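These are the residues of each chain, in order.
There are 2 protein chains.
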Amino acid sequence: MDKVLGRPRDDAAGPALLSAARRLVSERGYQRVSIQNLLDEAGVGRQTLYRRWPSKAELVLDAFLDSAGRIPAVTEGPILEVLTRFLTHLFANLNEDGPALRSLMASAQEDAKFLASFRERFLQPRAKIVKSFLEQAVKRRELNENFDVDTASDMIHGAFWYRMLLGRPLDAAFATKLTTAVLKVTE
Amino acid sequence: MDKVLGRPRDDAAGPALLSAARRLVSERGYQRVSIQNLLDEAGVGRQTLYRRWPSKAELVLDAFLDSAGRIPAVTEGPILEVLTRFLTHLFANLNEDGPALRSLMASAQEDAKFLASFRERFLQPRAKIVKSFLEQAVKRRELNENFDVDTASDMIHGAFWYRMLLGRPLDAAFATKLTTAVLKVTE
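Sequences listed follow chains R and A, in order. Numbering-wise (UniProt numbering), the first sequence opens with residue 1 and increments by one. Numbering-wise (UniProt numbering), the second sequence opens with residue 1 and increments by one.
Don't take every hint at face value.
The list cannot tell twin chains apart, which means a pair is met if one copy fits it or any two copies do.
30 Å max Cα-Cα, derived BS3-like pairs, lysine-lysine [unchecked claim]:
1. LYS113 to LYS139
2. LYS56 to LYS128
3. LYS184 to LYS128
Hints in this document: simulated from the structure, not taken from any laboratory. Since this is a predicted model, take the numbers as computed values, not measurements.
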């Protein structure tokens with residue numbers, strides 16, 4: 001047993017920090033949360049954090065990536081269904097994480113290093129899921145071989161980020177409209 | 001003549017403030033520019049500013065709206081050409097104003113009142129131009145009557161904002177790809 005002064009055991013420190021990051025960044029926005037705030041909230045020492053993450057940015061991105069990872073990426077069925085189902089889950093998720101993600105995107109505009117991490121660790125892995133759905137549909141000839149997967153991905157991610165940044169709702173109805181508009185591209 | 005202590009004549013104060021706002025916000029980002037900075041840069045008194053604009057936000061939005069207004073909204077020709085031409089001009093414009101606009105979008109995430117002004121005075125008027133192109137094309141039956149103009153507009157604006165916020169390039173090639181992908185929706 002390595003309990004220290006009421007701190008969570010070391011193997012609980014990672015989850016405690018991830019959950020502190022989710023909570024505080026959702027409440028205050030990325031820029032208003034310091035490393036010290038995270039340590040206090042998680043009841044964890046500085047060394048414990050830095051053994052796991054090189055910086056606040058990496059910890060926070062992992063905290064929200066983890067949440068996004070819970071979206072079931074079920075690939076069975078026609079691409080229209082696959083994509084609508086995925087976006088419907090994603091949008092439900094974004095309604096919860098939206099304020100935090102908006103603050104991450106805002107912070108990334110004034111911090112090139114954070115933007116790079118945000119792109120690489122958060123946005124690109126999500127874009128890859130959508131692209132892989134589309135590429136599989138092209139492979140099984142459900143979508144035309146000239147289907148522009150990259151632009152479609154930009155339109156999908158762009159459309160929901162734009163709506164989210166403007167404070168407009170993301171719901172199942174928009175998931176259906178967006179999927180329909182993007183996939184008709186191939187008819 | 002109403003020259004006062006080397007200040008520009010009053011009828012030059014508006015343009016001087018607009019140009020100061022463009023310059024300073026482009027250099028420093030919206031949040032790092034104060035009203036006092038704008039007055040100093042334009043060589044204009046506080047009252048002169050407030051006779052024209054109720055706040056920094058309104059002045060800055062006008063400064064960049066003015067620039068966007070210079071894009072020729074030529075409506076002759078097939079919708080594919082009209083939209084490609086418009087987006088090509090817009091993207092060239094965004095390559096110059098991009099850093100400032102990214103800072104406006106970032107600031108809007110932490111300031112609900114500014115977000116409302118940014119939507120109403122800046123984003124919606126631009127969206128209207130694109131929507132009117134599409135609506136006209138639907139009217140003259142160049143686009144199917146079921147064409148989803150609102151979602152198409154979200155995809156267009158979303159895609160280029162998303163690319164811009166991620167620091168990715170906007171060029172004529174992307175204008176063509178985006179227009180092609182959005183308009184194929186109707187075939």
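Results of checking the hints against the structure:
In this assembly of identical chains, the alpha carbons of LYS113 and LYS139 never lie at most 30 Å apart, being 36 Å within a copy and 47 Å across copies at closest. In this assembly of identical chains, LYS56 and LYS128 lie within 30 Å of each other by CA distance solely inside one copy; the values are 25 Å within and 40 Å between copies. Taking the closest pair of Cα atoms, LYS184 and LYS128 come within 30 Å of each other both inside a single copy (21 Å) and across two copies (23 Å).
The earlier numbered hint that this structure contradicts is number 1, and it is the only one.
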